[in-house]
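Counting from 13, one number per residue, gives the positions in the sequence shown under the working numbering.
Note that these hints are calculated values from the structure, not bench results. Mixed in with the good hints, there may be bad ones.
[Said to hold, decoys possible] DMTMM-like mimics (lysine to aspartate or glutamate), calculated; alpha carbons at most 20 Å apart, straight line:
{"id": "1", "residue 1": "172", "residue 2": "186"}
{"id": "2", "residue 1": "147", "residue 2": "271"}
{"id": "3", "residue 1": "317", "residue 2": "520"}
{"id": "4", "residue 1": "127", "residue 2": "280"}
{"id": "5", "residue 1": "385", "residue 2": "367"}
{"id": "6", "residue 1": "415", "residue 2": "383"}
{"id": "7", "residue 1": "444", "residue 2": "520"}
{"id": "8", "residue 1": "372", "residue 2": "281"}
{"id": "9", "residue 1": "366", "residue 2": "404"}
{"id": "10", "residue 1": "210", "residue 2": "186"}
{"id": "11", "residue 1": "165", "residue 2": "549"}
[To be verified] Derived Cβ-Cβ restraints for the label pairs, each shown as a range:
{"id": "12", "residue 1": "162", "residue 2": "107", "range": "48 to 54 Å"}
{"id": "13", "residue 1": "519", "residue 2": "384", "range": "43 to 49 Å"}
{"id": "14", "residue 1": "253", "residue 2": "316", "range": "32 to 38 Å"}
{"id": "15", "residue 1": "100", "residue 2": "316", "range": "14 to 20 Å"}
{"id": "16", "residue 1": "169", "residue 2": "127", "range": "35 to 41 Å"}
{"id": "17", "residue 1": "412", "residue 2": "196", "range": "44 to 50 Å"}
Keep in mind the model is a prediction, meaning the values are calculated, not measured. Glycine included, each C-beta is placed from N, C-alpha and C at the ideal position.
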Amino acid sequence: MNKIFSLLTAALFSGVATFAQTSATPLPKNWYQQDKDSSGIYGISLDKAYGFVTSKKIKSKQVVVAVIDSGIDTLHEDLKPILWTNSKEIPGNGIDDDKNGYIDDVHGWNFLGGKDGRNVSKDSYEAARVYNKLKLKYGSLIPDESSMKPGDKAELEIFKKAQQKIIGDVNPAEIAFMKKLLPTFLKGDSVIIKDLGKAEYNCTDLEKYTATDADAKKTKAFLIQLCKGNGSDEITNKQIIDEFDGQLRKADAGNNAPEEYRKEIVKDDETNINDRSYGNNDIMTSTPFHGTHCSGIIAAVRNNKKGIDGIADNVRIMMVRAVPDGDEHDKDIALAIRYAVDNGAQIISMSFGKDFSPEKEWVDDAVQYAEKKGVLLVHAAGNDSKNVDTADNFPTPIYKEAKGKATNWITVGASGDPKNGGITAKFSNYGKKEVDVFAPGVQIYSTIPGGNTYGNASGTSMACPVVAGTAAFILEYYPTLSAKQLKFVIEKSAKAPAEIVNIPGTDEKVPLSDISKTGGLLNAFAAIKLASTIKGERKLTQEVLPKPKMIKLKKA
Numbered sequence: 013m014n015k016i017f018s019l020l021t022a023a024l025f026s027g028v029a030t031f032a033q034t035s036a037t038p039l040p041k042n043w044y045q046q047d048k049d050s051s052g053i054y055g056i057s058l059d060k061a062y063g064f065v066t067s068k069k070i071k072s073k074q075v076v077v078a079v080i081d082s083g084i085d086t087l088h089e090d091l092k093p094i095l096w097t098n099s100k101e102i103p104g105n106g107i108d109d110d111k112n113g114y115i116d117d118v119h120g121w122n123f124l125g126g127k128d129g130r131n132v133s134k135d136s137y138e139a140a141r142v143y144n145k146l147k148l149k150y151g152s153l154i155p156d157e158s159s160m161k162p163g164d165k166a167e168l169e170i171f172k173k174a175q176q177k178i179i180g181d182v183n184p185a186e187i188a189f190m191k192k193l194l195p196t197f198l199k200g201d202s203v204i205i206k207d208l209g210k211a212e213y214n215c216t217d218l219e220k221y222t223a224t225d226a227d228a229k230k231t232k233a234f235l236i237q238l239c240k241g242n243g244s245d246e247i248t249n250k251q252i253i254d255e256f257d258g259q260l261r262k263a264d265a266g267n268n269a270p271e272e273y274r275k276e277i278v279k280d281d282e283t284n285i286n287d288r289s290y291g292n293n294d295i296m297t298s299t300p301f302h303g304t305h306c307s308g309i310i311a312a313v314r315n316n317k318k319g320i321d322g323i324a325d326n327v328r329i330m331m332v333r334a335v336p337d338g339d340e341h342d343k344d345i346a347l348a349i350r351y352a353v354d355n356g357a358q359i360i361s362m363s364f365g366k367d368f369s370p371e372k373e374w375v376d377d378a379v380q381y382a383e384k385k386g387v388l389l390v391h392a393a394g395n396d397s398k399n400v401d402t403a404d405n406f407p408t409p410i411y412k413e414a415k416g417k418a419t420n421w422i423t424v425g426a427s428g429d430p431k432n433g434g435i436t437a438k439f440s441n442y443g444k445k446e447v448d449v450f451a452p453g454v455q456i457y458s459t460i461p462g463g464n465t466y467g468n469a470s471g472t473s474m475a476c477p478v479v480a481g482t483a484a485f486i487l488e489y490y491p492t493l494s495a496k497q498l499k500f501v502i503e504k505s506a507k508a509p510a511e512i513v514n515i516p517g518t519d520e521k522v523p524l525s526d527i528s529k530t531g532g533l534l535n536a537f538a539a540i541k542l543a544s545t546i547k548g549e550r551k552l553t554q555e556v557l558p559k560p561k562m563i564k565l566k567k568a
């Protein structure tokens, strides 16, 4: 939600009722799948890739892709047929039939749920959690570093960074104006809810709505401007209210400890990675927009003449819910990765990130576990227009305790169209060392929850499943490729654009190779051709779900 907030603050100081319209030309709904040579658009050449495997008369083998995210609309017409189903679990009997530690995990698992059926929808920011924890130790008294042990020095640096993030990033004028604006927005929102007859609405709804109330007019104009700036018609009133709430909570974090949203509901021991059998099987919940959109990009049913065609045609989506509105917890992410690996996922799509990772060793251990099991991890680079060679965006493939870097990890930046804002998305993070490849992430049309609907969204969150879906497509037709080989194929085949590009967030022009490792854009056609020339290292075995093993890691 960082990108929405940057647009939100820009809108705040533009005036609520007088927003300028953006001049960007809407892209074709499937632009990201198109081919540069035939359409002039920097898509991934998906039709040519399918033409290649058709010409080779290759049959596909089903691939399981885990999506660690906010949830999924399990009733959506384009997603219901492609949900992963745990064949060893009997639905609804309240028994852990497969003995994996999770009861009735038929289509995945929700690590943000309670045994009573309640779910966590929002959470605090990690910076606030870190700052308030270490503030008890350091407070305003900063010790003499010359007398400190190396470990304590490192902790102190983390505290200083969190302190700067919490206190230094707060703009009093913005917060004051936000507090002033929120009541007006809520008044207009209540009128619109009554007029439309539904509690949550988006810009598509508002385009058809004529407001007569003064506050409703302001709320409508405000939300539409945010949608235009974000390249998405699907930002909802609820998302904006949640963003207001989140930023006000963040501003308050310097004085008050963050709320422990999950403590009462989830009731696990957050300091113990071995306390793992928590959560519930509700992977839909009330906040599945993000995960639903990402899942559709990967695998929405193809050729059914409904909505969109996903990238891969023989995939099952395993939803692992671990990402709230706010910052995810390291423990949930570590266990989500392990759950996905243990239950047969071959690729994991991870569209989330944060500035701090206090239990990074837990996540690192899970990444290494996935690496040993041959599972590819695809991660979004983030939406802060920052260089992640020097700025943090966790999780990362660089191990904290062990030397080296994960060989099964792809970090993805977001690309767009030169005629609609540039080849590099203005919001995308970048890095010559740490961002491997760029992929389409602007105005991506995909599935959204509620009534078999579809809409646009933008972000590296969308670019990540474009890569994950392409990796799944390749693995379907060349199933003996290892995770390391999949990474090689995708990165080696990435195509450098003819044009120089903007460093995201600036007007400075550079070759794409200056801000990414490969200097290239994802191309499914080039990737599948390269894959056809490589002898696979993976041994194909029948799926056997392992019994859960306790994780031998220290407590926090």
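Do the hints match the structure? See the list:
1. For the hint pairing residue 172 with residue 186, the CA-to-CA distance comes to about 23 Å; that exceeds 20 Å, so the pair is violated.
2. Using a Cα cut-off of 20 Å, the hinted pair residue 147 and residue 271 holds, with the two alpha carbons roughly 16 Å apart.
3. Restraint check for residue 317 and residue 520: the C-alpha separation of about 42 Å exceeds 20 Å, so the hint is violated.
4. Proximity of residue 127 to residue 280 is assessed by CA-CA distance (about 11 Å); at most 20 Å being required, the pair is judged to hold.
5. In summary, the hint linking residue 385 to residue 367 is not supported, as the alpha carbons are separated by about 28 Å, beyond the 20 Å threshold.
6. Restraint check: the Cα-Cα separation between residue 415 and residue 383 comes to about 14 Å, which is no more than 20 Å; the hinted pair holds.
7. Note on residue 444 and residue 520: the hinted pairing holds, with a Cα-Cα distance of about 15 Å set against a maximum of 20 Å.
8. About 17 Å separates the Cα atoms of residue 372 and residue 281, which keeps this hinted pair within 20 Å; it holds.
9. Distance hint between residue 366 and residue 404 is fulfilled; the C-alpha atoms sit about 8 Å from each other, no more than 20 Å.
10. As the CA atoms of residue 210 and residue 186 are separated by approximately 30 Å, the hinted pair breaks the 20 Å bound.
11. Taking the CA atoms of residue 165 and residue 549, the gap is about 44 Å. The hint is violated against a cut of 20 Å.
12. For residue 162 paired with residue 107, a C-beta distance near 50 Å keeps the hint of 48 to 54 Å intact.
13. Roughly 45 Å separates the CB atoms of residue 519 and residue 384, a value that falls within the hinted 43 to 49 Å.
14. Checked against the given bound of 32 to 38 Å, the beta carbons of residue 253 and residue 316, roughly 35 Å apart, stay inside it.
15. Distance hint check: the CB atoms of residue 100 and residue 316 are about 29 Å apart, inconsistent with the given range 14 to 20 Å.
16. A hinted range of 35 to 41 Å holds for the C-beta pair residue 169 and residue 127, which are about 39 Å apart.
17. At roughly 46 Å, the beta carbons of residue 412 and residue 196 sit within the given window of 44 to 50 Å.
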